[in-house]
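Can you build the whole structure from these sequences, using the hints too?
Chains as they are written, first to last, in the working numbering: chain A, 1 to 142; chain B, 1001 to 1110.
Every clue listed holds true.
Here are some of the chain B residues that sit facing chain A, going by a computed Cβ distance under 8 Å: (1) Arg1019; (2) Asp1021; (3) Ser1022; (4) Ser1054; (5) Leu1058; (6) Arg1059; (7) Val1062; (8) Lys1069; (9) Arg1083; (10) Leu1090.
Derived pair list, reagent style SDA-like, types lysine to any residue, alpha-carbon separation capped at 20 Å: (11) B:Lys1069 to A:Ser95; (12) B:Lys1066 to A:Ile103; (13) B:Lys1040 to B:Asn1030.
Derived from the structure by calculation, the hints contain no laboratory data.
Values in this document were obtained by computation on a predicted structure and should not be read as measured data.
Where is the CB? At the ideal position from N, CA and C, for every residue including glycine.
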Amino acid sequence: MARTLTVPGSYDRLEQVCQFVAQAAESAGLDEGQSSHCQLAVDEACTNIIEHGYGGEHLGQIWLTCEAEPGELTITIRDTARPFDPNSVPEPNLSAPLDEMRIGGLGLFFMRQVMDAVEFSSDSAGNTLVLVKRRDSAKGDA
Amino acid sequence: MQIATQDSGAVSVVAVSGRVDSSTAPDLENALKKLVDAEKTQIVLDLLNVEYMSSAGLRAMVSTLKSVKRVNGDLRVANPSPRVEEVLRLAGLTSIFAIYRSREEAVGSF
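Put into structure tokens, the structure is as follows:
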């Protein structure tokens, strides 16, 4: 079953977005840890859209769709910000000495660590990000 | 998110509760910056009641850690929930922050 949520691009909506994702994760039969991963990934994605895509809060909307199937959750996030190229984001250098540590890029890093699929695409209508989490996944486990 | 700060000897204990995300992390960073500006650079961040933290919270923590380390202070973490500790681990930050199982242990480590 697909559920949709549209929110203005503002950080105070992240909690609502996480609750929306948590409900869908439960419908898909994901466990609490897997639900946390989905919430983290979607929070980071929406934060990046607001901060880097729209260039600030209240400058555009974010459209979310969750499709829950037994054992699998697919989350689609759309925006109308400028085209996003994930290859343009440098990886955080987390093994560097503290003074040289760059923690930017951590959001995308997290998404790739905890989700089974992270796919970005852009067209004239905007950007689409598809995130997939599977119940039998070991992604993000220690 | 709520923040309560109290002194325990020379150590400042910052107890945070609720969600630390992009909406609330700036408040956490400001609260920590106030301590650093007041030359209170031995800080324990008690995360017992933090139910959720995203990379925005980690940025605030790393930024503060850099500031206090420059003046021989430290930011030490107490009571992270399994969920928060996982985020620290995913980011590779468990080796950067000293993490303690209780507030008393963290305060006593200074």
